[in-house]
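K.L.:
As a plain string of letters, each chain reads:
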Amino acid sequence: MTTTLHGSAVIEFRGVGLTYPGPPAVHALHPCDLRIADGEFVTVVGPSGSGKSTLLNIAGLLDTPTQGQYLLNGIDTAALSATRLAALRGERIGFVFQAFHLLPHRSALENVELAMVYRAVPRPQRRARAAAVLERVGLAHRAAALPTQMSGGERQRVAVARALVGEPSLLLCDEPTGNLDSATSASLLELLDTLHRDGMTIVVITHDRQVAQHGQRTITIRDGVLHDSAHRSEAA
Amino acid sequence: MTKHRRGAAPERSRLAVRDLLSEAVAGMLQRPARSVLTALGTVLGVGAFIAVLGLTGTATSQIDHRFNSLTATEVSVTDVGPRNAAARDMSFPHNADARITRLNGALAAGVFWSVRLGPQQAVRAAPVGTANSVDARTQVIAASPGVWQASQARFVEGRAFDGFHETHHQAVAVIGSATAARLGITTLRTHPAVFIGDTAFTVIGILKDVERKPELLMSITVPRSVAERTWGAPTDEGAQMLISTRLGAAAQIADEAAVALRPDHPEYFKVTPPPDPRSLRTAVSDDLSQLFLLLAGVCLIIGAVGIANTTLVAVLERTGEIGLRRALGARGIHITLQFLTESAALGLVGGLVGTSIGTVVVVTVAAAKQWTPVIDPATLAVAPTLGLAAGLLAGMYPAWRASRIPPVEALRR
Ligand SMILES: Nc1ncnc2c1ncn2[C@@H]1O[C@H](COP(=O)(O)OP(=O)(O)O)[C@@H](O)[C@H]1O
Ligand SMILES: [Mg+2]
Numbered sequence: 001m002t003t004t005l006h007g008s009a010v011i012e013f014r015g016v017g018l019t020y021p022g023p024p025a026v027h028a029l030h031p032c033d034l035r036i037a038d039g040e041f042v043t044v045v046g047p048s049g050s051g052k053s054t055l056l057n058i059a060g061l062l063d064t065p066t067q068g069q070y071l072l073n074g075i076d077t078a079a080l081s082a083t084r085l086a087a088l089r090g091e092r093i094g095f096v097f098q099a100f101h102l103l104p105h106r107s108a109l110e111n112v113e114l115a116m117v118y119r120a121v122p123r124p125q126r127r128a129r130a131a132a133v134l135e136r137v138g139l140a141h142r143a144a145a146l147p148t149q150m151s152g153g154e155r156q157r158v159a160v161a162r163a164l165v166g167e168p169s170l171l172l173c174d175e176p177t178g179n180l181d182s183a184t185s186a187s188l189l190e191l192l193d194t195l196h197r198d199g200m201t202i203v204v205i206t207h208d209r210q211v212a213q214h215g216q217r218t219i220t221i222r223d224g225v226l227h228d229s230a231h232r233s234e235a236a
Numbered sequence: 001m002t003k004h005r006r007g008a009a010p011e012r013s014r015l016a017v018r019d020l021l022s023e024a025v026a027g028m029l030q031r032p033a034r035s036v037l038t039a040l041g042t043v044l045g046v047g048a049f050i051a052v053l054g055l056t057g058t059a060t061s062q063i064d065h066r067f068n069s070l071t072a073t074e075v076s077v078t079d080v081g082p083r084n085a086a087a088r089d090m091s092f093p094h095n096a097d098a099r100i101t102r103l104n105g106a107l108a109a110g111v112f113w114s115v116r117l118g119p120q121q122a123v124r125a126a127p128v129g130t131a132n133s134v135d136a137r138t139q140v141i142a143a144s145p146g147v148w149q150a151s152q153a154r155f156v157e158g159r160a161f162d163g164f165h166e167t168h169h170q171a172v173a174v175i176g177s178a179t180a181a182r183l184g185i186t187t188l189r190t191h192p193a194v195f196i197g198d199t200a201f202t203v204i205g206i207l208k209d210v211e212r213k214p215e216l217l218m219s220i221t222v223p224r225s226v227a228e229r230t231w232g233a234p235t236d237e238g239a240q241m242l243i244s245t246r247l248g249a250a251a252q253i254a255d256e257a258a259v260a261l262r263p264d265h266p267e268y269f270k271v272t273p274p275p276d277p278r279s280l281r282t283a284v285s286d287d288l289s290q291l292f293l294l295l296a297g298v299c300l301i302i303g304a305v306g307i308a309n310t311t312l313v314a315v316l317e318r319t320g321e322i323g324l325r326r327a328l329g330a331r332g333i334h335i336t337l338q339f340l341t342e343s344a345a346l347g348l349v350g351g352l353v354g355t356s357i358g359t360v361v362v363v364t365v366a367a368a369k370q371w372t373p374v375i376d377p378a379t380l381a382v383a384p385t386l387g388l389a390a391g392l393l394a395g396m397y398p399a400w401r402a403s404r405i406p407p408v409e410a411l412r413r
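Chains as they are written, first to last, in our numbering: chain A, 1 to 236; chain B, 1 to 413.
None of these hints come from the bench; they were simulated from the model.
In this text the structure is predicted, and so the values were computed from the model without any measurement.
Don't be surprised by glycine CBs; every beta carbon is placed ideally from N, CA and C.
Careful: at least some of the hints might be erroneous.
Said to hold, decoys possible - Pulled a few chain B residues facing chain A out of the computed Cβ check, cut under 8 Å:
no.	residue
1	ARG12
2	SER13
3	LYS270
4	THR272
5	PRO273
6	PRO274
Said to hold, decoys possible - What follows is a set of in silico ranges between Cβ atoms, one per label pair, in the way DEER data are often shown:
no.	chain 1	residue 1	chain 2	residue 2	range
7	B	MET396	A	GLN67	57 to 63 Å
8	B	TYR397	A	GLY22	25 to 31 Å
9	B	TYR397	A	PRO24	30 to 36 Å
10	A	ASN179	B	LEU21	22 to 28 Å
11	A	GLU190	B	MET396	46 to 52 Å
12	A	ARG197	B	LEU37	40 to 46 Å
13	A	GLY152	B	ASN309	32 to 38 Å
14	B	ARG34	A	ALA25	41 to 47 Å
15	A	TYR20	B	MET396	28 to 34 Å
As the list claims (entries may be wrong) - Stretch-level coverage of chain A by chain B, calculated; a stretch enters the list once three of its residues show a Cβ under 8 Å from a Cβ in chain B:
no.	segment
16	57–65
17	109–119
18	205–217
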């Protein structure tokens with residue numbers, strides 16, 4: 001619990017908000033302060049359209065806030081050019097999406113490798129690292145399979161492997177279990193728990209209360225307003 | 001496992017050229033049928049380009065080849081001197097052949113004209129009064145002995161008349177083999193004669209072939225001196241001279257011929273040198289290839305539009321992929337380059353296939369015509385580049401658009 005409060009922050013929002021100019025103007029995220037420390041497992045829960053993805057896109061440098069200051073690993077992101085933002089995104093953040101976003105004509109291994117292509121990692125190294133991460137998510141035997149030959153759970157594990165292979169400081173998951181049945185969901189969450197125990201900082205977005213129980217801490221969001229953050233570190 | 005990383009944001013994401021190329025190839029192979037159809041326009045355009053230039057080049061070199069062997073060494077001289085009733089004489093002097101062959105570079109020269117026969121002067125194989133032997137079709141040509149060498153005549157039997165026959169007004173004749181057959185002459189051993197009007201001419205040679213003046217094969221040719229004495233100077237058409245020269249000497253001989261023949265009146269002659277090979281070549285290129293090159297251009301444009309269309313569709317279809325790549329650290333320029341490389345690769349493949357097909361067409365046509373195929377190496381080098389350029393041009397707009405899609409929007413797909 002003390003690590004949560006006093007550890008170095010991976011994400012630090014200072015009055016960060018996002019308004020779509022419209023008309024009508026949409027306050028997708030009202031200005032808010034948020035601090036997620038290194039090694040935390042946080043879930044963000046809220047109904048559809050409440051601004052969860054907006055929060056995650058800002059945290060993942062895919063979108064820029066219209067208000068406030070966002071520090072990632074202590075770096076003020078507002079001061080960075082698009083080029084440096086892209087580089088920072090590629091190096092520090094791993095994404096897992098509801099829709100998996102695997103390239104359909106590439107094998108599991110090649111999909112994982114893709115995360116290292118924009119960092120000009122030489123191919124043999126890429127291969128080796130991708131294979132190692134696939135093994136870690138329990139898919140070593142499926143390295144050559146195409147996404148169409150894999151189950152939803154397997155696909156999402158490939159996506160997790162792809163997010164992990166660049167050794168990011170932050171894993172952002174937008175409704176990762178949205179397309180999975182409950183058994184497969186449970187197994188994926190177990191994988192996330194394992195990663196958390198190994199020290200990964202994880203933010204999982206969900207509209208599923210059940211899934212939200214997994215985090216150390218749950219942030220509720222409603223109509224773009226962050227409501228509370230309940231800590232459950234003792235319970236975990 | 002997580003490192004504490006504070007400060008120092010990384011400079012920029014990098015995409016190795018090798019990875020860019022393999023992404024492009026993967027993109028192309030992703031939908032092979034569509035890629036093939038898309039490249040078709042470029043294939044046709046570049047193929048037509050090669051075929052047109054190759055066939056024109058091949059035909060031109062063929063013309064050059066013939067040109068070198070015969071036409072380039074032929075000069076003709078036409079008598080355009082005054083021919084009034086009083087001076088019914090021709091401009092060519094009696095020793096015209098010798099005057100020309102004295103020139104350096106001239107191999108042979110001969111004067112000839114077609115003889116106009118009177119109504120009672122048909123060609124016969126037997127004396128007047130004998131039936132069935134009139135051959136009205138046969139032309140009579142008067143020629144000086146030099147004509148035989150200048151036309152490169154070859155004989156089935158016998159020989160050409162020479163200076164002796166000419167100076168001694170010998171009534172001899174050389175006839176073509178077809179004419180001989182028509183007149184019922186099969187051998188010279190019987191010393192056959194032909195009758196022109198009521199003059200008998202002894203046939204001393206039967207022609208097999210000539211390289212120049214093929215009309216000699218269809219005619220009865222008699223010595224110039226005999227013709228002049230029997231029928232007078234040439235009338236309506238006038239006399240001509242055929243000169244054969246050494247290769248490269250034709251232009252100079254053409255310059256000197258008129259003065260050599262008549263230093264007093266060189267203006268009596270119109271000299272025709274061989275045509276300029278370059279003018280022949282442009283004539284061929286102009287006539288034949290302009291239209292086809294235009295067609296090739298149209299095909300290429302259609303090909304480019306096809307590539308542009310396919311790439312645009314691919315960008316829309318792969319919006320999610322674009323978003324994902326952005327999430328993985330790709331910059332806008334990386335997305336642009338990826339789609340641009342893909343369209344360029346499509347164009348290049350189309351260009352290469354088109355070049356191969358065009359070459360096959362040229363070689364096949366040349367083989368069928370027994371020509372030597374000639375394709376300029378520069379053309380072969382430029383053609384695939386044309387396809388590449390079409391692909392690049394076509395990819396510009398879709399690739400630019402791909403990079404403009406905001407990552408968040410792209411990922412929503
Ligand atoms: N490009 C946009 N323009 C205007 N409004 C938008 C845009 N994108 C999202 N919104 C709005 O912002 C709000 C938050 O959206 P989002 O963060 O995607 O919600 P969630 O992920 O919780 O379902 C929604 O009301 C949505 O309609
Ligand atoms: Mg959402």
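K.L.:
Would you mind marking each hint as holding or not holding in the structure?
P.N.:
Right, here's what the structure says about each hint:
Given hint, B:ARG12 at the interface with chain A, holds; its Cβ is 5 Å from that chain's nearest Cβ, closer than 8 Å. Because the smallest distance between the Cβ of B:SER13 and any Cβ of chain A comes to about 4 Å, under 8 Å, the interface hint for this residue holds. With 8 Å as the threshold, the beta carbon of B:LYS270 stays out of range of chain A, its nearest partner Cβ sitting at about 76 Å, so the hint is violated. Annotation: B:THR272 was flagged as interfacial toward chain A, and the flag is violated, the nearest CB pair being 70 Å apart, outside 8 Å.
The interface hint given for B:PRO273 is violated, since its Cβ lies 68 Å from the closest Cβ of chain A, which is over the 8 Å cut-off. For B:PRO274, the interface hint is violated, since its Cβ never comes within 8 Å of a Cβ in chain A; the closest pair sits about 65 Å apart. Checking the proposed 57 to 63 Å range against B:MET396 and A:GLN67 shows it is violated: the Cβ atoms sit about 37 Å from each other. Evaluation of the 25 to 31 Å hint for B:TYR397 and A:GLY22 yields a pass: the beta carbon distance comes to about 30 Å.
At about 33 Å, the beta-carbon gap between B:TYR397 and A:PRO24 stays in the expected band of 30 to 36 Å. For A:ASN179 paired with B:LEU21, a C-beta distance near 34 Å fails the hint of 22 to 28 Å. Range check, A:GLU190 to B:MET396: Cβ separation about 48 Å, and the 46 to 52 Å hint holds. A:ARG197 and B:LEU37 have their C-beta atoms about 53 Å apart, which leaves the hinted 40 to 46 Å range violated.
Taken as a hint, the range 32 to 38 Å holds for the pair A:GLY152 and B:ASN309, whose Cβ atoms sit roughly 34 Å apart. Between B:ARG34 and A:ALA25 the beta carbon distance is about 43 Å. The supplied range of 41 to 47 Å therefore holds. A:TYR20 and B:MET396 have their C-beta atoms about 31 Å apart, which keeps the hinted 28 to 34 Å range intact. Interface restraint, the segment 57–65 of chain A with chain B: holds (4 residues with C-beta to C-beta distance below 8 Å; minimum three).
Counting residues of the segment 109–119 of chain A whose C-beta lies closer than 8 Å to any C-beta of chain B gives 5; at least three are required, and the coverage claim holds. Three residues within the 8 Å Cβ limit are the bar, and the segment 205–217 of chain A against chain B gives 0, so the coverage statement is violated.
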